[in-house]
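Novice: Protein chains in written order, with the numbering used here: chain A, 12 to 252; chain B, 163 to 362.
These are calculated hints, taken from the structure and not from any lab test.
Heads up, the beta-carbon is just placed ideally off N, CA and C, and yes, glycines get one too.
Be careful, since some hints might not be right.
Footprint (simulated), chain B over chain A, 3 or more residues, beta carbon under 8 Å [stated by the list, open to error]:
(1) 71-82
(2) 170-182
(3) 216-229
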Amino acid sequence: MNKKTNRRKFIQQVGMATLGTIALSQIKPVSAFANSLDGEVLFTLDALPYEFKALEPHIDALTMEIHHDRHHRAYVDNLNKLCAKEGIQEKSIEVILSKVGSYSAGVKNNAGGHYNHSLFWKMMKANGGGLPTGAANDAINASFGTFDQFKTKFIEASKSRFGSGWAWLVAKDGKLNIGSTANQENPLMDISELKGTPVLCLDVWEHAYYLKYQNKRADYIDAWFNTINWDTVNAQLKLAK
Amino acid sequence: MSFTLPALTYAFDALEPHIDAKTMEIHHGKHHQAYVTNLNNAIAGTDAEKLSIEDICKNISKYPMPVRNNGGGHYNHSLFWTLLSPNGGGLPTGPLAAAIDEAFGNFEEFKTKFNQAAATRFGSGWAWLIKNASGKLEICSTPNQDNPLMDIAEVKGFPIIGLDVWEHAYYLHYQNRRPDYCTAWWNVVNWEEAAKRFAM
Ligand SMILES: [Fe+2]
Ligand SMILES: [Fe+2]
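Using the sequences and the hints, build the whole thing.
Specialist: Listed below in structure tokens is the structure:
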């Protein structure tokens with residue numbers, strides 16, 4: 012059996028074994044929400060803008076598939092169920108994040124998970140990386156001196172986030188800052204210490220790299236720099252203005 | 163004196179198929195080793211070098227974050243390995259079994275509650291069965307490498323069993339299916355060791 016067949020078979024097995032249990036790892040057993048969804052779904056999972064294997068060898072196809080189809084899917088499903096259960100009708104994820112402190116921990120976790128992952132997928136592309144372009148290049152140099160100084164600081168924030176979380180480059184008051192958040196919190200949340208418009212983000216939950224890098228988070232971070240889509244960074248910078 | 167990585171008392175593959183050999187090898191040799199190394203670095207030249215890991219945990223609010231994260235990591239993993247056994251699983255016996263029935267009704271109820279604590283700990287952390295100050299059993303969970311011995315813990319007590327629910331504990335074998343890992347883990351729980359701890 013060749014490698015490809017092996018992988019396909021593995022995915023099938025994973026797929027079959029997980030049916031019905033995905034949501035369990037997140038908040039509450041699925042059964043707790045039975046019949047609570049009244050047909051209206053507020054949030055949907057977008058397809059990736061590239062193939063699962065597009066980021067290889069930096070991020071492997073299986074990691075991308077499970078990360079998108081299982082983890083992100085679970086955040087979306089749980090968020091929809093919780094919104095239905097708690098009577099939330101707000102359709103803008105940004106608005107929910109901006110007052111997330113007034114909702115349940117479940118809404119915070121899953122709204123953050125949905126927003127963060129949606130942005131993260133767009134932050135990467137095949138043949139990405141290299142030096143920042145356009146306004147991103149100017150803003151990074153203005154705030155950090157050089158790209159290398161920026162990179163060192165961003166790597167440090169990514170490595171030093173203990174446990175699960177995210178590293179961020181944010182724009183606030185015309186300046187860029189680097190920081191990190193715990194679990195699925197993010198800089199748009201009212202409860203966040205780090206605030207600003209997300210310009211670049213990196214998932215440092217172990218699920219983002221464990222299949223390929225195991226305990227070597229630093230190697231994952233280094234490799235991830237080769238996938239950055241600077242066009243998205245520039246688009247986020249425009250939003251911040 | 164510095165802290166050292168305790169050897170496992172069973173082979174890496176001893177807990178298969180419930181916990182795979184590669185996970186055990188990396189978990190013990192890389193993750194736990196890193197906590198030991200980083201803890202030793204964090205306390206080098208301080209009075210904490212003369213203390214037990216339990217005493218450090220009990221006063222953890224007096225130490226900087228690296229001691230809390232790595233001291234907790236060292237204590238929790240050291241405990242975790244002893245509470246696993248290839249001959250584990252089944253039911254607790256003796257006074258521990260009686261105390262579980264008294265606190266939770268019966269073993270199945272206890273298991274359901276413990277599984278729920280393990281499943282609902284969002285992000286990285288641990289699920290615990292503890293003996294509280296009044297000698298009663300309680301279930302709780304902690305984030306990251308905190309534990310119920312720590313003075314900063316929301317629920318405090320003496321750990322009887324602990325389950326690592328960091329993704330590194332199960333991702334190679336179970337990926338996103340944390341509940342499957344928790345279900346499998348019951349097959350390797352070392353009830354003899356748990357009973358000893360309950361008697362302490
Ligand atoms: Fe993720
Ligand atoms: Fe661990």
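Novice: Take the hints in turn and mark each one as holding or not.
Specialist: Results for each hint:
1. With 3 residues having a Cβ less than 8 Å from any Cβ of chain B, the segment 71-82 of chain A passes the three-residue criterion, so the hint holds.
2. Note: the segment 170-182 of chain A has 4 residues with beta-carbon separation from chain B under 8 Å; the three-residue rule is met and the coverage holds.
3. Beta-carbon proximity to chain B at under 8 Å applies to 7 residues in the segment 216-229 of chain A; the threshold of 3 is reached and the given coverage holds.
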